[in-house]
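Chemist: Protein sequences appear in the order of chains A and B. Everything in the first sequence is counted per my numbering, starting at 1 for the first residue and increasing by one. Everything in the second sequence is counted per my numbering, starting at 1001 for the first residue and increasing by one.
Hints are supplied without guarantee of correctness; some may be wrong.
[Said to hold, decoys possible] Covered stretches of chain B (chain A as the covering partner; in silico rule of three or more C-beta atoms under 8 Å from a C-beta of chain A):
| # | region |
| --- | --- |
| 1 | 1004–1011 |
| 2 | 1038–1050 |
[To be verified] Derived CB-CB ranges, DEER-like:
| # | chain 1 | residue 1 | chain 2 | residue 2 | range |
| --- | --- | --- | --- | --- | --- |
| 3 | A | G421 | B | S1017 | 29 to 37 Å |
| 4 | B | V1046 | A | H100 | 39 to 47 Å |
| 5 | B | D1050 | A | S241 | 38 to 46 Å |
| 6 | A | G95 | B | Q1015 | 27 to 35 Å |
| 7 | B | V1046 | A | Q366 | 40 to 48 Å |
No wet-lab data here; the hints were simulated from the structure. Heads up, the beta-carbon is just placed ideally off N, CA and C, and yes, glycines get one too.
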Amino acid sequence: MLELDALTISQASRLLRERAVSATELVEATLRRIDETEPSVHAYVHVNAEQALAAARQADAEAPRGPLHGIPIGIKDVLVTRDAPTAAGSRVLAGFTSGHDATVVRRLREAGAIILGKHVTHEFACGQDVPPTRNPWNLRHYPGGSSAGGGVSVAVGSSLAALGTDAGGSVRKPAAVTATVGLKPTHGRVSGWGAIRAASAPSLDHVGTFTRSVEDAAVLLQAIAGFDPADRRTIQEPVPSYLADLDGGVAGLRLGVAPGYFAGPALEPEVGALVHAAFEQLERLGATLVPVELPSFRFTLPAGFTILMVEVAQPHRRWLAERPQDYVEATRRLLELGSLIPAAHLEAAHRARMVMRAEVQAAFRQARLDSLVTPTLPSTSMALDEMVVERDLPRLIPFTLPWNLTGLPALSVPCGFTTAGLPVGLQVVGRPFGEAMLFRISHAYERATPWHRRRPVLADAVAR
Amino acid sequence: MTRTLRAADITVLCQLSGLRFPAEDLAPLAQALARHVAFVEPLLRVAFEDASPSLTHDPRWAD
Chain A
1 MLELDALTIS
11 QASRLLRERA
21 VSATELVEAT
31 LRRIDETEPS
41 VHAYVHVNAE
51 QALAAARQAD
61 AEAPRGPLHG
71 IPIGIKDVLV
81 TRDAPTAAGS
91 RVLAGFTSGH
101 DATVVRRLRE
111 AGAIILGKHV
121 THEFACGQDV
131 PPTRNPWNLR
141 HYPGGSSAGG
151 GVSVAVGSSL
161 AALGTDAGGS
171 VRKPAAVTAT
181 VGLKPTHGRV
191 SGWGAIRAAS
201 APSLDHVGTF
211 TRSVEDAAVL
221 LQAIAGFDPA
231 DRRTIQEPVP
241 SYLADLDGGV
251 AGLRLGVAPG
261 YFAGPALEPE
271 VGALVHAAFE
281 QLERLGATLV
291 PVELPSFRFT
301 LPAGFTILMV
311 EVAQPHRRWL
321 AERPQDYVEA
331 TRRLLELGSL
341 IPAAHLEAAH
351 RARMVMRAEV
361 QAAFRQARLD
371 SLVTPTLPST
381 SMALDEMVVE
391 RDLPRLIPFT
401 LPWNLTGLPA
411 LSVPCGFTTA
421 GLPVGLQVVG
431 RPFGEAMLFR
441 ISHAYERATP
451 WHRRRPVLAD
461 AVAR
Chain B
1001 MTRTLRAADI
1011 TVLCQLSGLR
1021 FPAEDLAPLA
1031 QALARHVAFV
1041 EPLLRVAFED
1051 ASPSLTHDPR
1061 WAD
């Protein structure tokens, strides 16, 4: 019996190569896991069982194409797939099927991956509504968003990996609260063609990955990275081997730490203790922590929210006028507000963004940094019945949003659990196109710690 | 400084911008826009004259 809630892509790929398991058996087991877990966690909005099984049978009949051959993967419901509806979590797009694959989905299929279905998102990835998805570490708690289903599904084993999108933390946030690895690559590293425009802020948005290990994140990025003529945001930078230096360790590396974390909110004490224990672990492994000052990062929230709201609102003008009742009220109000933001605010936000970019570049150069390390979130996942979205959402993203504004790659790796059993994430941030260094640092940390091996037990999550 | 905005102000802004929103949204939007103006105020007070607004999203650093 395959234990899917513990299996990584690398382990599954080895089993497939050795013919110890077939792609069909792997997909069948994953579909059974979906049946077992969906009543509790609601990670999927659409499951493509028949197409997934057909693709698995075809994979079994072919020579292996690489490490993703036969691996079942879920896709956020804002990335179009040719054989499933893409509604971006909204009644506005109910029943919409593109007939095309997003570039990242096409690249996964070309690498032999099996597309299982679509994962739940907040409506238009805006984070304003409460989707049905629940956190498997405590079913009363927020699963993170907007890529809510992706993190949860990977955590419970109803997919071996997932693709999400991240315009302010929408991959790293759910990764941190589900004890999975969440990667937001450099802006321009991965094509966003095929992401629903109405659920995207193009200058901030990134397609990212959820996996159960850092190595798996490297494998997945290898398959989806690279220039795409269909997306002018992608950049013609060579794609290195992301596995080549994975075992390089952190000895001799210089990791920047910003005291006070950009004037963001105070950390919950247990989160602070776990993140500082992670810093100490990195020091024991041979890294040097270097304090850095990033004073302009105190403008992260006003600058980031302004750009985010303006960019995501723009495609909604006609729907807001003609079909306002099809939106969740909170989403509609956010989009309406985004439509009314004065140009002077947007201009000031873009100026602040340039100052932040210059400042972080100077910090990396002057302090000779290999990376920055921060908490992913200032708090753990909160109870849904205590959560007030308008109040709590801005509190969650002051450490993730800066890297959407600056375009730098950032990865969240599990760094422990609170006494209530809720996961906490450590964020590693790199230079532009420096994903290989992120993988090297977080892999060294992961190998030295047990957190990524702990899996949620749904019966316990119900009982708490 | 929090500005006082009313539903009628939102109506004018919508007319100027060619936007059409449900009538029941106008009063809450006036409050939300006032809050946003206050939220962005620190950004407007800072002198960023030396910085051009970002015109490209290429994240690479100039050498």
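Chemist: It remains to establish, for every hint, whether it holds in the given structure.
Modeler: Comparing the hints with the structure gives:
Under the rule that three or more residues need a Cβ within less than 8 Å of chain A, the assignment of the region 1004–1011 of chain B is violated, with 1 such residues. With 7 residues carrying a beta carbon less than 8 Å from a beta carbon of chain A, the region 1038–1050 of chain B meets the three-residue requirement, and the given coverage holds. Judged by the Cβ atoms, the range 29 to 37 Å given for G421 of chain A and S1017 of chain B is violated: they are separated by roughly 49 Å. Taken as a hint, the range 39 to 47 Å holds for the pair V1046 of chain B and H100 of chain A, whose Cβ atoms sit roughly 44 Å apart.
Our hint of 38 to 46 Å for D1050 of chain B and S241 of chain A holds, since their Cβ atoms are close to 40 Å apart. Taking the beta carbon of each, G95 of chain A and Q1015 of chain B are about 34 Å apart, inside 27 to 35 Å as hinted. The supplied range of 40 to 48 Å is broken by V1046 of chain B and Q366 of chain A, whose beta-carbon atoms lie about 22 Å from each other.
In summary, the structure is inconsistent with hints 1, 3 and 7 from the numbered list given earlier, while agreeing with the others.
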